[in-house]
Amino acid sequence: MLFLATLVIFTPIATVLFVLIQRGLPEIRWEFLTQMPRMGMRQGGIFPAIVGTFYLVIGTVAIAMPVGIATAIYLSEYAKETRLKRLIEIAIVNLAGVPSVVYGLFGMGLFVLFLHFGSSILSGALTLAMMSLPVIITSSREALSSVPYSFREASLALGATRWQTVKHAVLPHALPGILTGTVLTIARAAGETAPILFTVAAFYLPKLPHSIFDQCMALPYHLYVITTQVPNVRISLQYGTALVLVGLVLGINLIAVLIRAHIRSQKKW
Amino acid sequence: MVEQQSSVVSRQSSERNVKINVGNLNVYFGAIHALRNISLEVYKNEILAAIGPANSGKTTFLRCLNRMNDLQPNFRVEGKVLLDGKNVYDTAVDVPFLRRRVGVVFATPTPLPMSVFENIAYGPRRLGTGKRSILEKIVERSLKKAALWDEVKNRLRDSALKLSGGQQQRLCLARALAVEPEVILYDEPCSGLDPISTAKIEETMFELQKDYTQILVTNNTKQAARVSERTAFFLMGELVEIGLTDKIFTAPQDQRTEDYITGRFG
Amino acid sequence: MKRPTEWFIERWILFNGIFSIAAVGLIFFFLTKEGFNLFKHYPLKDFLSGRQWYPISEPPKFGILPLILGSFWVTAGATLIAVPLGVASALFIAEVAKGWIKEYLKVGVEILAAIPSVVLGFVGLVTLVPMVKQMFHIPTGLTALSGAIMLAFMAMPTVVSIVEDALTAVPRSYREGSIAMGATQWQTIYRITVPAAGSGIVAGVMLGIGRVIGETMAVMMITGNAAVIPHTLLQPVRTMTATIASEMGETVQGSDHYFSLFAIGIVLFVITFIINLAADFFLHRKK
Chain A
1 MLFLATLVIF TPIATVLFVL IQRGLPEIRW EFLTQMPRMG MRQGGIFPAI VGTFYLVIGT
61 VAIAMPVGIA TAIYLSEYAK ETRLKRLIEI AIVNLAGVPS VVYGLFGMGL FVLFLHFGSS
121 ILSGALTLAM MSLPVIITSS REALSSVPYS FREASLALGA TRWQTVKHAV LPHALPGILT
181 GTVLTIARAA GETAPILFTV AAFYLPKLPH SIFDQCMALP YHLYVITTQV PNVRISLQYG
241 TALVLVGLVL GINLIAVLIR AHIRSQKKW
Chain B
1 MVEQQSSVVS RQSSERNVKI NVGNLNVYFG AIHALRNISL EVYKNEILAA IGPANSGKTT
61 FLRCLNRMND LQPNFRVEGK VLLDGKNVYD TAVDVPFLRR RVGVVFATPT PLPMSVFENI
121 AYGPRRLGTG KRSILEKIVE RSLKKAALWD EVKNRLRDSA LKLSGGQQQR LCLARALAVE
181 PEVILYDEPC SGLDPISTAK IEETMFELQK DYTQILVTNN TKQAARVSER TAFFLMGELV
241 EIGLTDKIFT APQDQRTEDY ITGRFG
Chain C
1 MKRPTEWFIE RWILFNGIFS IAAVGLIFFF LTKEGFNLFK HYPLKDFLSG RQWYPISEPP
61 KFGILPLILG SFWVTAGATL IAVPLGVASA LFIAEVAKGW IKEYLKVGVE ILAAIPSVVL
121 GFVGLVTLVP MVKQMFHIPT GLTALSGAIM LAFMAMPTVV SIVEDALTAV PRSYREGSIA
181 MGATQWQTIY RITVPAAGSG IVAGVMLGIG RVIGETMAVM MITGNAAVIP HTLLQPVRTM
241 TATIASEMGE TVQGSDHYFS LFAIGIVLFV ITFIINLAAD FFLHRKK
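Chains as they are written, first to last, in this note's numbering: chain A, 1 to 269; chain B, 1 to 266; chain C, 1 to 287.
Because the hints were derived from the structure by calculation, they are not lab data.
Glycine included, every Cβ here is placed at the ideal spot set by N, Cα and C.
Don't take every hint at face value.
Claimed, not checked - Cβ pair distances, simulated, as ranges:
(1) C:Ile274 x A:Val230: 23 to 31 angstroms
(2) B:Arg76 x C:Phe15: 25 to 33 angstroms
(3) C:Ile274 x A:Phe114: 25 to 33 angstroms
Unchecked claim - Far from chain A, some chain B residues (derived; all Cβ distances over 12 angstroms):
(4) Asn66
(5) Arg100
(6) Gly243
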């Protein structure tokens with residue numbers, strides 16, 4: 001019976017992936033990936049959406065990673081068991097639970113309007129970064145706490161300062177784990193739509209962005225647009241776009257899985 | 001041996017140099033009173049053994065001397081620990097600098113997952129020594145002092161984790177020596193080692209005696225008898241007795257010391 | 001004191017740590033900053049209990065009851081599907097499956113968690129929606145039921161992975177003791193393992209619910225987006241999230257409509273805040 005339930009979950013997933021590949025794959029040619037959309041997005045490629053998503057993801061990681069890792073270091077290496085630490089932990093749990101569309105509202109309120117960044121890559125990346133923060137913090141913290149306590153003791157006993165200990169005896173050994181978490185965050189950020197709706201995403205923009213203050217297209221939003229907002233788009237074009245997005249996200253996930261497998265095989269202690 | 005120790009007695013009576021002076025030391029972990037009114041002196045260049053059953057406070061005592069206890073949650077200390085006359089618990093004390101002066105070898109070998117060379121160079125590097133030639137000299141000197149040089153001189157690039165347990169422990173000793181400490185603390189350094197490795201470490205301790213003050217915490221009363229000049233017996237957070245090792249083992253003052261040494265408990 | 005670099009780095013790291021608290025505060029502040037403007041000329045009571053959402057009629061009506069009920073129906077439906085299935089397959093993965101099957105299933109859960117919601121929405125649109133329409137002979141397949149089924153798939157990875165963690169954390173000795181006393185594997189699972197993992201299971205379910213309530217894109221694409229009070233699962237509904245996402249683009253900044261969407265954001269924020277706090281409480285209770 002348990003097996004049956006498992007089957008009920010996994011069969012549709014497998015089917016969905018199979019159908020996506022079967023119907024989307026014929027659409028994926030070089031021109032599809034490298035050309036601008038044409039004819040009101042009913043023809044042509046999805047190049048600007050891919051580029052936009054790429055920029056957004058880079059921006060997100062660049063912002064979220066330093067803050068996230070620093071927070072994880074604070075919680076794992078510096079904080080004593082105080083009320084402040086507990087408060088930060090609760091805050092992180094709640095950040096992880098805030099709906100993505102609420103992040104979108106917030107990003108619009110703070111970055112787009114209040115800070116006058118406008119609807120731009122900067123606003124979108126900041127919003128996505130806020131959303132990614134709890135994931136990066138949690139995974140980095142796990143990676144840090146998997147480093148044996150004896151490393152810290154050994155380093156401190158030799159007269160290393162606290163920061164030297166973190167930097168030279170702890171971080172290098174936690175880095176692969178932190179990287180895995182970060183890559184997973186990238187995958188998630190690449191697939192998010194709701195947070196970028198009001199902060200960066202352009203419905204149709206037949207040119208590439210020039211600066212972080214430009215709007216851009218993004219793959220997930222583009223998929224939403226051509227499946228629900230533009231009438232009479234060829235279904236194969238929709239399948240193709242969906243497949244590219246899923247392929248991108250799962251591809252990034254695969255990288256994370258490979259890094260993780262590599263760590264396990266290299267584990268030295 | 002006997003002669004060596006009788007000379008120690010004469011030196012002791014004629015005011016030996018005090019390296020560490022512990023006065024009325026009380027340690028608490030939360031509600032637990034881990035050390036009670038410990039007062040003792042450690043002389044320069046002696047080997048002092050601290051023995052006692054598990055949870056007697058001997059390790060806690062050791063870890064007070066270079067403030068490693070600061071890392072434990074809810075740790076609180078009262079009293080004084082004077083190193084060369086200065087209290088190590090003063091707020092003005094630079095703790096990393098203190099730990100450089102008072103090195104420690106832990107119960108289980110704790111090599112960092114890097115090469116033999118990098119393990120020894122870890123401390124000096126943190127002090128800002130980056131020059132390869134200097135580091136090479138430090139590594140060679142430290143390994144020689146720890147009697148490990150001949151065994152690993154061709155394996156300096158290998159991971160320290162590939163060494164045997166005994167070699168790893170001597171590596172940790174060499175690593176502690178590389179930052180030029182004045183005092184070396186040993187926290188049951190041979191608990192996981194075979195008799196031959198244990199003998200090597202004990203020999204090394206004798207070699208180091210002329211330059212360093214050494215304190216050895218051990219569960220192994222025979223080891224204390226073999227290695228130390230004086231022995232302190234800890235029980236339930238109290239210092240029961242301290243005196244010449246000979247005397248402690250042959251004619252202890254306290255009944256509890258005798259019970260422990262003759263194996264009636266612990 | 002003596003080491004300025006050290007001092008500076010410690011402050012910097014502490015600052016980053018506190019940032020998370022500030023972030024929660026900032027989110028709440030910016031939601032209320034805009035959202036509370038609505039209540040200057042529109043009573044809170046009418047907002048929460050009004051039965052009509054006509055934001056652009058004259059005069060506009062901002063009653064979010066239909067939206068709350070829309071979210072509720074979809075969430076309830078998704079929970080009813082996801083929880084039994086999710087817990088069952090977590091049990092299968094943690095207690096029954098062995099070797100490569102277990103590993104593959106875990107990867108499967110991760111894949112499911114990774115698929116973007118907009119893709120699931122698209123897939124639901126082209127597969128599930130026509131199926132529902134045909135099966136129930138209704139004019140449109142864009143219904144609460146379609147949304148609930150699709151959202152169930154989004155909640156399942158959360159439920160499965162957290163429940164599986166909780167089950168795996170039950171000490172082996174519990175199980176061995178039970179088996180040793182002659183209990184069957186099923187009895188052991190039912191009487192020993194599940195109760196021992198109880199609070200973890202509750203937390204997994206709650207976080208799953210939290211995820212469903214906040215889900216936006218998939219629901220927006222397949223629930224039909226009709227802001228009416230639903231009576232069955234086979235009607236089109238509109239959730240709070242979908243309302244924000246689909247209407248924000250059309251509002252005039254500074255209008256009551258615009259403020260009302262932020263006000264919905266506050267409601268969502270508060271609901272998920274409570275759910276997550278409660279789930280966290282259950283997760284930490286046993287430890």
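*State the violated hints by number, sorted upward, taking the hints as numbered earlier in the document.*
1, 4 and 5
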